[in-house]
Amino acid sequence: MSNVFTQLLSREARLLFRRPAELLNPLVFFAIVVALFPLAVGPESKLLETLSPGLVWVAALLAVLLSLDGLFRSDFEDGSLEQWVLSPHPLPLLVLAKVLAHWLFSGLALVLLAPLLALMLGLPARCLPVLLLSLLLGTPILSLLGAVGAALTVGLKRGGLLLALLILPLYIPVLILGSGALQAALQGLPAVGQLLWLASLTALAVTLTPFAIAAGLTISVGE
Amino acid sequence: MLFERLDFALHAGEMLQIAGPNGSGKTSLLRLLAGLMQPTEGEIRLAGKPLAEQRGELTRNLLWVGHAAGIKGLLSPEENLAWLCALHTPESREAIWRALEAVGLRGFEDVPCHTLSAGQQRRVALARLYLDAPPLWVLDEPFTALDKHGVAQLEEHLARHCEQGGMVVLTTHHSLTRKPAGYRELDLAQAGSTADE
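Heads up: the sequence lines are chains A and X, in that order. Read in order, the letters of the first sequence correspond to residues 1 to 223 in this note's numbering. Read in order, the letters of the second sequence correspond to residues 224 to 420 in this note's numbering.
Errors might be hidden in some of the hints.
[Claimed, not checked] If you anchor each label on the Cβ, the simulated ranges turn out as follows: (1) X:G388 <-> A:E77: 34 to 44 Å; (2) X:A235 <-> A:L27: 48 to 58 Å; (3) X:R283 <-> A:L165: 16 to 26 Å.
It should be emphasised that the hints constitute simulated quantities derived from the structure, not laboratory data. In this text, a Cβ means the ideal position worked out from N, Cα and C, and glycines have one as well.
So that you can see chain A by itself, here it is in the shape it has in the complex (with noise of 0.2 Å):
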């Protein structure tokens, strides 16, 4: 079982290599997307920092649900996903290392773009480490509770802006959550309480969310 698990996660990482692509598209929107604000609001500091946790974070939650519109197009479109759901191996254990590699290869990344983007729009060094942090934490939920919305509309034809529709509401307590922290570190104020709470929910999110991607990927190959 830990064997398919990993055989997943390096077919995953071949498949997103050789189209290289799919990676960086998520990862230049992000960037361009952050550049886009002192274009628009003027590049005064001070309003830019006091912005800067809540752009960063919307930035990043778009470019996540960006990346999410083809997770499982092409594995539906091939007939792949067929297999994967007549598989003896448990479908919930398949999708959590399918999405585990997508974030592995494009949510890490674009926490690592972040601090970069985060220095432009001014927020000082000293909220880096809190920035990152809730990022690493929030960035997966993003990813698992896109991918429930990815699995129920990938049968669709246009299903990439009835995925933002369902999963943008959802996404608002990490939302809260992480630009919150942020905001707190700006302050100059402990962080630990939303920190927490998004692992909290970093945690429930990994154990609940693959059965829901699993139900939905089930519904969508038997229409």
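We have chain A already, so just place chain X on it with the hints.
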């Protein structure tokens, strides 16, 4: 409703060819049998018990090759097969190379599948039948895009599988020339009147 009064059973050693015009529900019937779709009415049983309660038993014994066979264009035939086997029972590299040789893909083990022709891609999917395969094979249009020699070879392989106690359910428009002893045909166009047991 797609089918009415459809009743048939499949035993070890038998091959069932599902025939019927386009749109008569051949693929839907196969998907129902494979447990990918649930029937709104009626029942499918596996070894006497309803299919829905037999999920584990079904997935251990079933090999499904659908119209889209789960072959990734970016992966090589070897990588594709290694993964498809890992979903059931992992196979060694040697076994996979032997299976690819059996379907005439020697020398293509390492090229990305999207550079192969449609017939060659179909052969990659069918190479699973030459590995340590489960007993029940459900194949949707397995002869599509295969050349004459490939068709004959596959017919022979399917017949031999049945003669060794396996089961094959397939849809195809082509009439088989090599039929095993347990061969039957189910024509969905007449299925309403000729119930099959």
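Q: Given the hint of 48 to 58 Å, check if A235 (chain X) and L27 (chain A) actually sit that far apart at their C-beta atoms.
A: holds, 55 Å
Q: For the range 34 to 44 Å, tell me whether the beta carbons of G388 (chain X) and E77 (chain A) fit it or not.
A: holds, 35 Å
**Q.** R283 (chain X) paired with L165 (chain A), Cβ distance criterion 16 to 26 Å
**A.** Given a distance of about 40 Å, which is not inside 16 to 26 Å, the answer is violated.
Violated hint for the displayed structure: number 3, the only one.
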